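Q: Given next are the chains, with one letter for each unit.
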Amino acid sequence: MVAKIEVKNLNCYYGSYHAIQNLNLEVEKNEILAIIGPSNSGKTSFMRTLNRMNDLLPDFRMEGKVYLDGLNAYRDIKHSALRRKIGMVFAMPVPLPLSIFDNVAYGPRLHGVTSNSKLKEIVERSLKASYLWEEVKDRLVSPAFCLSGGQQQRLCISRTLAVEPEVILYDEPCSGLDPISTAKVEDAMRELKGKYTQILVTNNVKQAARVSDRTAFFLMGELIEIDQTPLMFTAPRDKRTDDYIAGRFG
Amino acid sequence: MKIDAKLMQRIFFFLMGAATIVIVLPVVIIFLIILINGIQAITPEFIFSLPRQGMRAGGIFPAIIGTLYLTLGTAVFSLPLGILAAIYLTEYSSENWLRRLVEIAIINLAGVPSIVYGLFGLGLFVLFLNLGASILAGSLTLSIMTLPVIITASKEALNAVPKSFREVSYSLGASRWQTVSRIVIPNAIPGIMTGTILGLSRAAGETAPILFTVAAFYLPTLPRSVFDQVMALPYHIFVLSTQVPGVTPKIQYGTILVLVSLVFILNISAALIRARFRKRKLW
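Going down the list, the sequences are from chains A and B.
Read left to right, the first sequence gives residues -8 to 241 (the numbering used here).
Read left to right, the second sequence gives residues 19 to 301 (the numbering used here).
Since the hints were derived computationally from the structure, they do not count as laboratory data.
Quick caveat: nothing in here was measured; it's all calculated off a predicted structure.
Quick reminder that beta carbons are idealized off the backbone N, C-alpha and C, glycines included.
Derived contacts from chain A toward chain B, CB cut-off under 10 Å, selection only:
| hint | residue |
| --- | --- |
| 1 | 73 |
| 2 | 76 |
| 3 | 98 |
Could you put together the complete structure from these sequences and hints?
A: As structure tokens, then:
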């Protein structure tokens, strides 16, 4: 079986800074893969390489191959089609300066959905999938900025789901959230398991343990090890992984 | 000797307050003098009728109309050009020597003295392109002068739209044009409008650029096409105060009051748009 995402000999540079070094990794379909590691270990760079968000930076350069369903993400698929398939939730919730409804409908509208009834259906389905529907169903027309931080982040997840991606990338999605909001976002992720391939970059080791199937440990731009999450947290093979998980550095 | 910190603070507050008042004072004095001396001249007849007796009596209607046409003409040329250029510079062009060259050109364009624009307009539009002294030639000349203001203001407004909005849009599969047209421009429009109105209000009050390209000394008729000459308020004020003997101060001040009010209305509307938008803006 072909892996959902396959990364081969990936090297990334920002100018002369070597952010990712010779990385090989496979992500299986519909799993939740957590990527942990201290800051500057290349976690976010890695993720932004998958949906080609790094292409927006002028001094970014990459070598190696990224495959999505066996297709070369940098050759066989257009930017927009790739990003539609690989959705992204950013570290800080970024609601667009639009209403709640229009935020979720933004993606579908980009891709040509104009019928109001169809949009309503997509918005409702997406908001339900991220557990936000009950909290906002009576005020879909109010500005998205009026929501709390945790609600905003779940709105961002809904917005990503609305374009029906196959893969969802989370870039430290709970870094600005309180524990209760964090729990709700994690619930949403667990609920989506089985339907989407999810990759979660997190600074929070416990979060990785709570939600992921497999965990990868990055350090200084290198993949140190990757394994089933329970194994990783009980019997890591590399001493550095053990030290990091135990909180001895990072 | 050690100066008490509180005393020091008081001294500096006083200096800063004084500096602020010094800035406000000239504006207030100028406006008051013009208002007091000019207000009696403002009658419907003064505003809506043609000048008589060699501009010593009657109204200033042709000059008002002329200035309105020129401002409108300037907007027609400079708005699309300036806004499109700003969008290209901020959203499309990459960081290279060409873009730096263009940016340096814009800065230098803003520093060119207005009389030079006037002579340039005379050379290019009036003589070379054979447009003659006309609304068209005057508007084009004013447009070139206004462009740097509009481009700079629009660029600032576009750059003020958070980068994260663009990233979100791209991450949902939007193309560059979709991102620019659906996210960037709608959020930059208030800033663009404010900057453009300020640029236009400057154009409305300029004398030197229209001196050789459009302004008529005395033309008691209204223009029939863009190829006609017109009178314009700034030049008319110059004529009234230096070229025609025996014009009463009342008419001189009245004319100035009309021009200043016109420019004030434009500036205040720019400020209102900005204030209104600030209230709505939530990021």
